[in-house]
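Could you use the hints to bring the two separately framed chains together as a complex?
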Amino acid sequence: MFVSNALIGLREGLEAALVVVILLAFLVKTDRRWGIRYVWLGVGTAVVLSVLLGAVLTFGTRQLSFEAQEVIGGTASIIAVAFVTVMVFWMRSAARSISGELKGRLDRALDLGPLAVALVGFLGVGREGLETAIFFYATAQAAGAGNNVPLLGWAVGIGTAVLLGYLIYKGALQINLARFFRWTGVALIFVAAGILSYGIHDLQEAAILPGLDTLAFDVSHVIDPSAWYAVVLKGIFNFTPATTVLQAVAWVLYVGTVLYFFLRPAKAPAAPVAESQAPQSARQPAA
Amino acid sequence: MRTLALATAAAVLALGACGDAGESDSSDGTAAAGSAGTVITVTSTDDACDLSTTSAPAGRLAFEVTNEGSRPTEFYLYSDGEDIVGEVEDIGPGLTRTLTIDDVVEGDYVTACKPGMTGDGIRADFAVTAATG
Numbered sequence: 030m031f032v033s034n035a036l037i038g039l040r041e042g043l044e045a046a047l048v049v050v051i052l053l054a055f056l057v058k059t060d061r062r063w064g065i066r067y068v069w070l071g072v073g074t075a076v077v078l079s080v081l082l083g084a085v086l087t088f089g090t091r092q093l094s095f096e097a098q099e100v101i102g103g104t105a106s107i108i109a110v111a112f113v114t115v116m117v118f119w120m121r122s123a124a125r126s127i128s129g130e131l132k133g134r135l136d137r138a139l140d141l142g143p144l145a146v147a148l149v150g151f152l153g154v155g156r157e158g159l160e161t162a163i164f165f166y167a168t169a170q171a172a173g174a175g176n177n178v179p180l181l182g183w184a185v186g187i188g189t190a191v192l193l194g195y196l197i198y199k200g201a202l203q204i205n206l207a208r209f210f211r212w213t214g215v216a217l218i219f220v221a222a223g224i225l226s227y228g229i230h231d232l233q234e235a236a237i238l239p240g241l242d243t244l245a246f247d248v249s250h251v252i253d254p255s256a257w258y259a260v261v262l263k264g265i266f267n268f269t270p271a272t273t274v275l276q277a278v279a280w281v282l283y284v285g286t287v288l289y290f291f292l293r294p295a296k297a298p299a300a301p302v303a304e305s306q307a308p309q310s311a312r313q314p315a316a
Numbered sequence: 009m010r011t012l013a014l015a016t017a018a019a020v021l022a023l024g025a026c027g028d029a030g031e032s033d034s035s036d037g038t039a040a041a042g043s044a045g046t047v048i049t050v051t052s053t054d055d056a057c058d059l060s061t062t063s064a065p066a067g068r069l070a071f072e073v074t075n076e077g078s079r080p081t082e083f084y085l086y087s088d089g090e091d092i093v094g095e096v097e098d099i100g101p102g103l104t105r106t107l108t109i110d111d112v113v114e115g116d117y118v119t120a121c122k123p124g125m126t127g128d129g130i131r132a133d134f135a136v137t138a139a140t141g
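First to last, the sequence lines map onto chains A and B. Position in the first sequence (from 1) plus 29 gives the number in our numbering. Position in the second sequence (from 1) plus 8 gives the number in our numbering.
By construction, these hints were calculated from the structure, which means they are not laboratory data. For every residue, glycine included, the Cβ atom is placed at its ideal position computed from N, Cα and C. Check the hints yourself; a few may be wrong.
As the list claims (entries may be wrong) - Just the calculated beta-carbon pair ranges, DEER-fashion:
#, chain 1, residue 1, chain 2, residue 2, range
1, A, D242, B, A56, 17 to 27 Å
2, B, S87, A, R62, 51 to 61 Å
3, B, A56, A, N205, 54 to 64 Å
4, A, L81, B, G127, 43 to 53 Å
5, B, A56, A, L144, 45 to 55 Å
6, B, S78, A, G142, 45 to 55 Å
7, B, D91, A, T286, 28 to 38 Å
8, A, V80, B, A135, 47 to 57 Å
9, A, L144, B, A135, 48 to 58 Å
10, B, A135, A, V215, 49 to 59 Å
11, A, R293, B, D91, 52 to 62 Å
Pulled out of the complex, with its shape left as it was, chain B reads as follows (with noise of 0.2 Å):
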C-alpha cells in the first residue's frame, strides 16, 4: 500500500502544479485577458495555420488547437529569439489540443503549426502586449 501513498502523493503533486486557466473564451477574436488567462483557437490544416488572434495582452495563454488537415500535426510557440516557448505534440487528424503557458511576458513571437511534425512549420507573428488590469 505504500505504491498508493506514493501514487497519491505523485498526484498531489502534479495538481498542484495546475492553475485556473480556460474559463475566458473570446469568441469574437479579440482576445481578453484576465487572470484566467486568454484562450487564442487555432487551425491547423496540411497547409494552413489560422490563428483566431495575432495578439494577447501578457500573462497565461491557452491556444486551443485544431488538425484538420489528414497527418498529425504540433504546434510552437517561439520567442524571438528561436527558444521554444511551448508546444504541444501529437494532435492526430481531427483532434483537438491544448497548449497552455504561464506567464508569457510581453515581446514578439512567432506561432507555428507543423503539419507532419517536421520542417519548420507554417510560421507567423504573435504580438504579447502589455498585461491589462
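Pulled out of the complex, with its shape left as it was, chain A reads as follows (with noise of 0.2 Å):
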C-alpha cells in the first residue's frame, strides 16, 4: 500500500520537477538569474492554483466530469509542448552566441521574457497539478478515516522526485557549458515528445482525437505499469506500455523534425570557429 502509493507520487513529482529544473539549471548557466523567481512565480501560482481547484473539486458539490478533466489535461500539455519547444532553441541560440557564432542579435530575438519564464514554469507544473491535487486529496481523505499509509507513501514519492530533481539540477550546473546544451537540449526534446504523446492520449480520452484503441504496440504484458522502472519511464519520458498511432507517429514526427532542426549546424558565416561542429553534421544525415 504504500509503496505502491509512493511509486504514483514519484511519478508525477518526476513529471512536474523536470523541464521546470532545466529550465533553472539553464538560466543559472547563461548568467539569466533575473528568470528565477518567474520561473518559482508561475510555479507557485500552479501549486497554488492546483491546490485550491483540487479542493473545491474535492469537498465542493461540483465535480469535473472526466471530459472536462482530460481536456484540460491533454490542452495543457501541448501548449507546454510549444514552450519547451521554444525554449529549447532559445537555448540553442543562447549556445551558438556563447561560442561565438552568432553575434548577441539574433539571441535578444530569441530571448524569453519574464511572462514566456513564468508560463514555462506555470505549464510544467499546472499541467499535472489538478491531477496531483486530487491524488493528494484522495490520501489525505483516507488519512481522515484513519489509514494514512497511501499519504505517507504519496509524501515520500513526491519528495523523492523533488530529491531527485534537485540532484539532476546540481549535475547539470557541473558540465561544461557546450555538452550541457547538447544533452538539456536533446533531453527536453525527448521529454517534450512524451509530454506531446500524452496530451494526445488525453485528448483521445476525451473523444476529440479519434484512434484511442488503434494501438501501435501494446508491450504491457512485458512491462508491467505499476513497476518502478515502469514508473520512472512515464515520469520522465512519458512512455506509456500501451501507445496509440496517433501517439506514436507524433512522437515521431516531433522528435524527427525538432531533432534535425536542433542539430542541424548554423548558417552563420563565421563557422570555422566551432570545433564541435564535425559531429554534428556527420550525425545529421541520420536525423
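Structure follows, in C-alpha cells:
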C-alpha cells in the first residue's frame, strides 16, 4: 500500500520537476538569474491553483467530469510542448552566441521574456498539478478515515522526486556549457515529445481526437505498468506500455523534426570557430 | 502580474466546466436519479470488482471507486462498442476516487476494474435505463 502510492507520487513529481529543473539550470548557467524568480512565480501559481481547485472539486458540490479533466490535462500538455520547444531553440541560440557563432542580435530576438519564463514554469507543473492535487486529497481523505499509509507513501514519493530533481539540477550545473546545451537540449526534446504524446492520449480519451483503440504497440504484458521502472519511464519520458498509433506518429514526427533543426549546424558565416561542428554534421543525415 | 491574471482566467474556465453533482447518495444501492446524477459505489480488489448497482438511469453518473486490493487500480466504463466512456486512473491501494461522467445515454455498457492497471480487467455488464423525470 505504501510502495504503490509512493510510486504514483514519484511519477507525478518527476513529470512536474524535469522541465522546471532544466529551465532553472539553464538560467543559472547563462547568467540569466533574473529569470529564476519568474520560474518560481509560475510554479507557485500552478501549485496554489491546483491545491485550491483540487479542494473545490474534492470537498465542494461541484465535480469535474471525466471529459473536462482530460481536456484540461491534454490542452495544457500540448501548450506546454509549444513553450518547451521555444525554450529548446532559445537554448540553442544562446549556445551559439556563447560559442561566438552568432552575434547578440539573434539571441535577443529569441530571448524569452519574464512572462514566457513564468509560463514555462506554470505549465510544466500545472499540466499535472490538478491531477496530483486530486490524488493528494484522496490520500488525505483515506488518512481522515484512519488510514494514513497512502498519504505517507505519496509524500515520500513526491519528496523523492524533488530530491531527484535537485540532484539533476546539481549535476547539470557541473557539466561544461557546450555539453550542457547539447545534452539538455536533446533530453528536453525527448521529454517534450513524451508530453505531446501524453496530451494526445488525454484528448483521445476525451474523444476529441480519434483512434484511442488503435494501438501502435502494447507491451504491457512485458512491462508491468505498476513496476518501478515503468513508473520512472513514464515520469521522465511519458512512455506508456500501450501506445496508440496517433501518439506514436506524433512522437516520431516531433522528435524527427525538432531534433533535426536542433542539431543542424548554424548557417552563420563565422562557422570555423566551432570545433564541435564535425560530429553534428556527421550525425545529421541520420536525423 | 499578468501571469496571475492568466492563471485566474484558467481557473474560472476550469470551474465553468464543472457541474453540480454528488449530492444524491443512494445508500441502499438502488440508484436514485435526478439532475444531480446517480452515485454508484465500486469496490475493487485484486480479483473482484463489486458495484453497488448494475443499472442506473441516463444522465450524470458518478462512480466512487475504492481500492481494497494491494496494487493500484483503474476503473473504466465502456460503451457497447468498446469505446471508453470514462475512466479514472491511479487509484492507489486504500484510496477512493470518483469517476464522474456527464450525460450518459440509455444503452448497454460494460464496467471494468483493472488491478495493476493492465489487461482487459474484471468486467461486468452495466445497463443505463431511460431517464426518470
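Cross-check of the supplied hints:
1. A:D242 <-> B:A56: 17 to 27 Å: Holds, at about 26 Å.
2. B:S87 <-> A:R62: 51 to 61 Å: At roughly 54 Å between Cβ atoms, R62 of chain A and S87 of chain B fall inside 51 to 61 Å, so the hint holds.
3. B:A56 <-> A:N205: 54 to 64 Å: holds (57 Å)
4. A:L81 <-> B:G127: 43 to 53 Å: For G127 of chain B against L81 of chain A, whose Cβ atoms are near 37 Å apart, the range 43 to 53 Å is violated.
5. B:A56 <-> A:L144: 45 to 55 Å: Given about 52 Å between the Cβ atoms, the range holds.
6. B:S78 <-> A:G142: 45 to 55 Å: holds (50 Å)
7. B:D91 <-> A:T286: 28 to 38 Å: With a Cβ separation near 32 Å, D91 of chain B and T286 of chain A satisfy 28 to 38 Å, so the hint holds.
8. A:V80 <-> B:A135: 47 to 57 Å: violated (39 Å)
9. A:L144 <-> B:A135: 48 to 58 Å: Since L144 of chain A and A135 of chain B have Cβ atoms about 52 Å apart, the given range 48 to 58 Å holds.
10. B:A135 <-> A:V215: 49 to 59 Å: holds (52 Å)
11. A:R293 <-> B:D91: 52 to 62 Å: violated (42 Å)
In terms of the numbered hints stated before, the structure departs from hints 4, 8 and 11, listed from lowest to highest.
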